[in-house]
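A.B. asks: Sequence:
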Amino acid sequence: MFARRTAPCLLSLALLTQASVSPPARADETHQVLAGETLWEIAQQHDVSVDALREANDLGNSDRILPGQHLHLPTSDGPTPTPPPPPPP
Numbered sequence: 162m163f164a165r166r167t168a169p170c171l172l173s174l175a176l177l178t179q180a181s182v183s184p185p186a187r188a189d190e191t192h193q194v195l196a197g198e199t200l201w202e203i204a205q206q207h208d209v210s211v212d213a214l215r216e217a218n219d220l221g222n223s224d225r226i227l228p229g230q231h232l233h234l235p236t237s238d239g240p241t242p243t244p245p246p247p248p249p250p
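Numbering (the numbering used here), first residue to last: 162 to 250.
Calculated from the structure, these hints are not laboratory results. Misleading hints may appear alongside valid ones.
[Claimed, not checked] If you anchor each label on the Cβ, the simulated ranges turn out as follows:
1. Glu216 <-> Pro250: 43 to 49 Å
2. Thr191 <-> Pro248: 36 to 42 Å
3. Gly197 <-> Asn222: 20 to 26 Å
4. Pro248 <-> Asp189: 33 to 39 Å
5. Arg225 <-> Gln205: 37 to 43 Å
6. Asp208 <-> Gln230: 18 to 24 Å
7. Ala196 <-> Pro249: 55 to 61 Å
8. Pro248 <-> Trp201: 42 to 48 Å
9. Leu195 <-> Thr236: 46 to 52 Å
10. Asp208 <-> Pro248: 39 to 45 Å
11. Asp212 <-> Thr191: 16 to 22 Å
12. Ala196 <-> Asp219: 36 to 42 Å
Every residue gets a Cβ at the ideal spot worked out from N, C-alpha and C, and that includes glycine.
Using the sequences and the hints, build the whole thing.
C.D. replies: What follows is the structure in structure tokens.
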């Protein structure tokens, strides 16, 4: 009886945990700026904030980027992954 009630709960919890984990960006990733691109567009493409892009590239408060420029991509700003629950006793 216990296993019948516990198994669906554990399965649901495992699926929810798996769905919330996204792989972080690698530290060595870069983006080459194309003509007409903006920091906002690049941030959206790589799921990071404009402020994080500025900070990773020492841009200060400037939005000025040039075609051909290589921007370092910070790790994702997305939700922090939830650690898996401890195994049942």
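A.B. asks: It remains to establish, for every hint, whether it holds in the given structure.
C.D. replies: Now for the hints, and whether the structure bears them out:
1. Glu216 <-> Pro250: 43 to 49 Å: holds, 44 Å
2. Thr191 <-> Pro248: 36 to 42 Å: holds, 40 Å
3. Gly197 <-> Asn222: 20 to 26 Å: holds, 22 Å
4. Pro248 <-> Asp189: 33 to 39 Å: holds, 35 Å
5. Arg225 <-> Gln205: 37 to 43 Å: Given about 18 Å between the Cβ atoms, the range is violated.
6. Asp208 <-> Gln230: 18 to 24 Å: holds, 20 Å
7. Ala196 <-> Pro249: 55 to 61 Å: holds, 57 Å
8. Pro248 <-> Trp201: 42 to 48 Å: Once the Cβ atoms are compared, 44 Å apart, the range 42 to 48 Å for Trp201 and Pro248 holds.
9. Leu195 <-> Thr236: 46 to 52 Å: violated, 23 Å
10. Asp208 <-> Pro248: 39 to 45 Å: violated, 32 Å
11. Asp212 <-> Thr191: 16 to 22 Å: Holds - the Cβ-Cβ distance for Asp212 and Thr191, about 18 Å, lies within 16 to 22 Å.
12. Ala196 <-> Asp219: 36 to 42 Å: Given range 36 to 42 Å: violated, Cβ gap about 22 Å.
Hint compliance for this structure: hints 5, 9, 10 and 12 are not met, and every other hint is.
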